[in-house]
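Chemist: The chain contents come next:
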Amino acid sequence: MDDIELIRASQDGDLDSFNELVRRHQKMAYNLAFRMLGDSQAAEDATQEAFFSAWKNVRRFRGGSFKAWVLQITANACRDQLRRLKRRPVVPLESLPYDPPALSTESPEDYAVRKDMGEHVQRGLATLSHEQRMAVTLCDIQGLSYEEVGEVMGCSVGTVKSRINRGRCHLRDYFAKMELFPPGLRHNK
Amino acid sequence: MWRAFRRSEKDECSKARELLSGYLDRRLNSEEATRVEGHLKTCPGCREELESLRAIVALLHRLPEVAPSRSFAVAPVRPLPGRRALPALRFATAGVVLLLVLAFAADQTNQFQRSDPSTLSYGPAAMSYQRSEEEEAYWLVEGVKNSTDSPSGTPTPVNLVVPDQTDNVYVAVSSLSTSGIVWGVMEAGAGDVPQLVLTEGEEETGSRENTEEFAVLSDSGDTQGKFAANGAAVPSGLDSIIEGQEGSFLNILSSDNEVLYSFNLSDSRREVRAARENAWLRPLEYGLLGMAVLLGAATGALWLRRRRARAAEAGAGKN
Chain A
1 MDDIELIRAS QDGDLDSFNE LVRRHQKMAY NLAFRMLGDS QAAEDATQEA FFSAWKNVRR
61 FRGGSFKAWV LQITANACRD QLRRLKRRPV VPLESLPYDP PALSTESPED YAVRKDMGEH
121 VQRGLATLSH EQRMAVTLCD IQGLSYEEVG EVMGCSVGTV KSRINRGRCH LRDYFAKMEL
181 FPPGLRHNK
Chain B
1001 MWRAFRRSEK DECSKARELL SGYLDRRLNS EEATRVEGHL KTCPGCREEL ESLRAIVALL
1061 HRLPEVAPSR SFAVAPVRPL PGRRALPALR FATAGVVLLL VLAFAADQTN QFQRSDPSTL
1121 SYGPAAMSYQ RSEEEEAYWL VEGVKNSTDS PSGTPTPVNL VVPDQTDNVY VAVSSLSTSG
1181 IVWGVMEAGA GDVPQLVLTE GEEETGSREN TEEFAVLSDS GDTQGKFAAN GAAVPSGLDS
1241 IIEGQEGSFL NILSSDNEVL YSFNLSDSRR EVRAARENAW LRPLEYGLLG MAVLLGAATG
1301 ALWLRRRRAR AAEAGAGKN
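Residue numbers (the working numbering), protein chains in the order written: chain A, 1 to 189; chain B, 1001 to 1319.
Chain B on its own, in the form it takes in the complex:
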């Protein structure tokens, strides 16, 4: 019984205490106010609670206002310089740099090089010509390919092309009408005698498998250094043979001694084909580089101005 009474008294107190703040502020309705006042008359604990809250509120009311040490006036906001120009400049710079990188990469990989036919030079002048690394020099020997099927048929013009290297180079016999292509390797033979080994391969694939092999032995000291087949041809032991003839002829025979290819070495000539850069490439590269530098500088300057303006604005806002 006593416990139940204590519990109800406790409930009354907690209910009243919920309302004490509102009671202090006169924010209770008349019914609540009457209930609180009734309870306060009988409960010294809640009266003390009310007084302590009143003291806190009085203390808070008495707190002086804090004075700020500065004004919070808003500084006029000037549009930041280059609001529109900066993104465009950035885009342009990036584009020019990209173009420059592409141009440079293409230049490095010789994408823009071309072989200008007008730079061909023939004969003795070309022989003494000191070519640069980019240039290409080779021996060119005109000849014919005879048709093996019909000996009376018209021979087809063929060119023997020997790049101007000392050893282990490929030579190609180009023919307008033959389906095969003859590949050869110039090797340094015994006693500095150049040895030309020709093999016939597939034109389409360039494969040299299952091809007929020819061998040419030549002694040096003839016409133009590279070819001297006069009477010096020796069968290599393979089925095919090369036969030297009167004059500077390089004949390639079939195993039936049919002359398959015939080249007149005295007509051989040397060509230098200069791999030239296009005249516009350097100006383009330097132009792009210049533009990239200018645009980069303009972008950087504008960015700095914006940053300064922003910092100045933030500073003005604080003071």
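Isolated chain A, as found in the complex:
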């Protein structure tokens, strides 16, 4: 069964079909939430909220990219979470460690370096504005095209381009400031 059939069945009220769609897209939605919120618990809450909202509103889905639609709902859930976290901050975004799953092919040293780098990226992302962080995450981490990012974020491709450019530059500045670039690329601003 492809996504379109599953969507149609979901629109007829078939929860199993919808949950199959959830199973297919949950990793993508969760990754966006995790990169946006930097906290696995908050990301889980936002993702659950997003899928619950998607199920309630699945009848309103009028075709197009289901992936973009789900990401759009997740993005909104993340914005809500960020507003809530801003109101009652629980854990600062920068100080949230994440242990990536170890690959069987890498040595413990490589794993440590990768984990370290992953944490730095997360901290760097936390220095960006919400919209820049979302654009960079969707484009560079999740591999969406500019058009798809625009659809998810509800803005023009020009705006997406500018947000991605500024986001990358900020991230680059953060890495330069933390002296995290390889020696050949040390870039002092």
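Be aware that a few hints might be false.
What the hints assert, rightly or not - No farther apart than 20 Å at their CA atoms in a straight line, the calculated lysine to any residue pairs in the SDA-like style are these:
| hint | chain 1 | residue 1 | chain 2 | residue 2 |
| --- | --- | --- | --- | --- |
| 1 | B | 1041 | B | 1070 |
| 2 | A | 177 | B | 1049 |
| 3 | A | 56 | B | 1311 |
Since the hints were made in silico from the structure, they are not lab data. Note that the coordinates shown come from a computational prediction; the quantities given were computed from them, not determined experimentally.
Given chain A, work out where chain B should sit, using these hints.
Modeler: Structure of chain B alone, referenced to chain A:
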């Protein structure tokens, strides 16, 4: 000249840097791409900038996907129990409680009490009757009021009513045809002799201002304890006098010695009027109380069930 050249070079760099991200993603049109490439050939700073951005993008591309620790499948939503019943129950409970409060308040303020004529009791039996606080006992003496304008006129029946109190009570002389009403105060006189002071007041307003005052002195030890006016009446010094006559008569005279009121004390009788509650009041109160308790319990139980169902649903949604 050199400064102008530097400024234009700086402008070129900032313009190129705006485009570097798009250049990396191959999202520039051919004209922009040519301009950027031309600039990069001559500007080592922007080349370094491009490389650092490329490194950042590569780093971001290499980031592993984060795996969620649970599934986000949506749990089937069962309609919460009592979705319709709860508001109705709440409304009903509130209504019954309100009725109960009203009934109780009305009961407390004796709104539902009535004086049942059938409970009247007369004479000696009533005298020894121990009345409760809600009941009312009084002496009733029948008499007449003579018309002062025409002595030959027909006397009007009048009642002297003395509530069964020991002192400082008001007595009323009711008359069907007179416009005035006579008020009196029974006071404990010297040597435990009851003293009845009557004043005539306005029937409409009950005002006792500017009224003619009568005084009655009676010695005790006669008929039924309260009235003994035989020969004991003494003018009080006011214009009006009371005159005792043969037999147990209480006569109230005008200053011209005309008999205004005449009461035959030997006919006096005691009445007990029981202020009774309506028979339906207690069942109503208890019924309402029972209903309020039942409805309250049902509402509470339903509310708890809903809360549990909601908590279970939230739990299922998370796992």
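Chemist: It remains to establish, for every hint, whether it holds in the given structure.
Modeler: To see whether the hints hold, each was checked on the structure:
Only pairs whose Cα atoms come within 20 Å are accepted, and residue 1041 of chain B paired with residue 1070 of chain B is rejected, the gap being roughly 51 Å. A threshold of 20 Å between alpha carbons decides the hint, and for residue 177 of chain A with residue 1049 of chain B the separation of about 14 Å falls inside it, so the pair holds. Between residue 56 of chain A and residue 1311 of chain B the alpha-carbon distance is near 19 Å, which keeps this suggested pair within the 20 Å criterion.
The structure does not agree with numbered hint 1 stated previously, though it agrees with all others.
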